[in-house]
Amino acid sequence: MTPPQRRRRYPIKQEPPPEQLQQSAPGAEGGTGQEGTKGKEGERKNPERLYVLTGATPGGERASLDLVTLIVACAEPPPAAPPEQSALLRLCKAPLSVAELSAYLNLPFSVVTVLLTELLTAELVQARDPLIRQSLADRSLLEAVMHGLQKL
Amino acid sequence: MDFKSSDTITGPRTEDRLPHSTQAAVKIVIVGGFGVGKTTMVGSVSEIRPLTTEETMTQAGIGVDDNYGSDSKTATTVAMDFGRISITDQLVLYLFGTPGQERFWFLWSGLFEGALGAVVLIDTRRLEVSFDVIGRLEERGVPFVIAVNSFPDAPRYPIEDLRSALDLAPEIPIVECDARRRASSRDTLMTLMRFLHSLELTKASV
Ligand SMILES: Nc1nc2c(ncn2[C@@H]2O[C@H](COP(=O)(O)OP(=O)(O)O)[C@@H](O)[C@H]2O)c(=O)[nH]1
Ligand SMILES: [Mg+2]
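Chains as they are written, first to last, in the UniProt record's numbering: chain C, 1 to 152; chain Z, 1 to 206.
Derived from the structure by calculation, the hints contain no laboratory data.
This list has only true hints and no planted wrong ones.
From chain Z, some residues computed to sit far from chain C (all C-beta separations above 12 Å):
1) Thr-40
2) Phe-151
3) Pro-152
4) Pro-173
5) Val-175
6) Glu-176
7) Asp-178
8) Arg-180
From chain Z, some residues computed to sit far from chain C (all C-beta separations above 10 Å):
9) Ser-150
10) Asp-153
11) Glu-171
Heads up, incomplete: computed chain Z residues facing chain C, CB under 8 Å, no partners named:
12) Arg-17
13) Gln-23
14) Thr-53
15) Thr-56
16) Tyr-94
17) Leu-111
18) Arg-186
Backbone N, C-alpha and C define an ideal beta-carbon position, used for all residues, glycine too.
Turn these sequences into a full structure, and let the hints guide you.
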């Protein structure tokens, strides 16, 4: 039996900068519907929640927060803080990733980044940036991860 | 109002809190088609109960815009599972199980660009669903390894036949795994890490 055959694309060495990727964001990828038979992976109907809390649009102002930027509260919630801010501040008394905040608060990632941008501006939280591949060139980091995995 | 009252929010369990000393996180993406075992793999190696982050995607007027002037947008919620492994008391690794369709990847900026690398999970009963993912990762220069999730009734091809069918460069590792088993999932992640390490060595020796 022979497996189906993929044809490699022309290798492109240069990665487009992240900004460029951002701009071609949601919906612009209209033509990519052919890759799977079941295109419904993970999809759930839940319209318009994105707009409930912040009024933000998907392309709007956001701090450059990664899914795994670690957030740590550096102050108690101010008495006048809206409930979602207080909840957020309570959650990240110990460091917590933006992804975890999104999961525990049951809010979309984009909404959490808007909330966090406000809290960062007010200096109520601190952000610890992730270590990303491009800035890496650091074998000792990779070795540390391997060592950690070996302990599992 | 959709937001839960803050009293009802369940945060991390005490044992799921990261130490204050945690300085930074790294991430690895596990990507593949529907039902290939992404959630299973995240769950089998994660030290926390796997969590889900959602994002809303709005697509303006797909296909025929038959409803001009009223609501011609459709909103879809896309979910992504993730888990976590503490590496040291300063470093933590996150694993994201990401749908194979590229149009979802834009929802989480930096998902692939910032990742150390990716594990492409494949199911030999539906090899073609992985073709697009592999092409996209190549285009973006995201280093990846292939993990064949061994479903009992799936055809078994020799690794080199798979390599040639997937048109993969000889250095890209292809391993078999059972995503349900922690040791097997861990070994798959180790394969990716060793591959990334070898890429750094190659870079350093040029
Ligand atoms: N036999 C076998 N079944 C698996 C394996 N990995 C996942 N499954 C099963 O395949 C189904 C789909 O897995 P899931 O992790 O939800 O796939 P996802 O859509 O990629 O997240 C589930 O019923 C799993 O129990 C595996 O390695 N071997
Ligand atoms: Mg899943």
